[in-house]
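*Asks:* Numbering (our numbering), first residue to last: 1 to 83.
By construction, these hints were calculated from the structure, which means they are not laboratory data.
Backbone N, C-alpha and C fix where the C-beta goes; we use that ideal spot for every residue, glycine too.
Where hints are given, some of them may not hold.
Unchecked claim - Listed next, with one range per pair, are the computed distances between beta-carbon atoms:
id: 1; residue 1: Pro11; residue 2: Leu60; range: 24 to 32 Å
id: 2; residue 1: Arg5; residue 2: Val55; range: 29 to 37 Å
id: 3; residue 1: Lys2; residue 2: Ala56; range: 38 to 46 Å
id: 4; residue 1: His51; residue 2: Leu3; range: 18 to 26 Å
id: 5; residue 1: Thr10; residue 2: Tyr40; range: 29 to 37 Å
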Amino acid sequence: MKLYRPLYGTPGIEFRAHCSTLHNSLYMFDDEILVNTQIYGVSAPLTPVLHLRRVAGAQLVLTYQHSFEKVWASAVPLPRQAP
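From just these sequences and the hints, can you work out the full model?
*Replies:* Take a look at the structure:
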């Protein structure tokens with residue numbers, strides 16, 4: 001969270017904490033998602049990032065979005081604070 005501290009207090013940005021075991025980091029915007037995969041024994045900055053776009057008839061982006069929404073709904077908002 002220390003890396004995101006400059007974004008604290010920025011309108012439209014919210015941070016939440018959860019207890020789920022996740023195996024990817026998801027960065028979603030519009031109809032696209034960046035998925036930072038995890039590989040055992042490899043630091044996150046060194047692992048592949050998948051750039052996915054929603055296309056008609058495909059379910060992969062929707063599957064990631066639904067997964068995110070389930071975790072987000074049960075997560076606890078972190079208090080807004082200045083950097």
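*Asks:* Please test the hint of 18 to 26 Å on the beta carbon pair from His51 and Leu3.
*Replies:* 21 Å, holds
*Asks:* Is it true that Pro11 and Leu60 lie within 24 to 32 Å of each other by Cβ?
*Replies:* 31 Å, holds
*Asks:* Lying within 29 to 37 Å: is that true of the beta-carbon distance Arg5 to Val55?
*Replies:* Since Arg5 and Val55 have Cβ atoms about 36 Å apart, the given range 29 to 37 Å holds.
*Asks:* Using the Cβ atoms, figure out if Thr10 sits within 29 to 37 Å of Tyr40.
*Replies:* 34 Å, holds
*Asks:* Lying within 38 to 46 Å: is that true of the beta-carbon distance Lys2 to Ala56?
*Replies:* Holds, at about 40 Å.
Violated hints are absent here; each numbered hint is respected by the structure.
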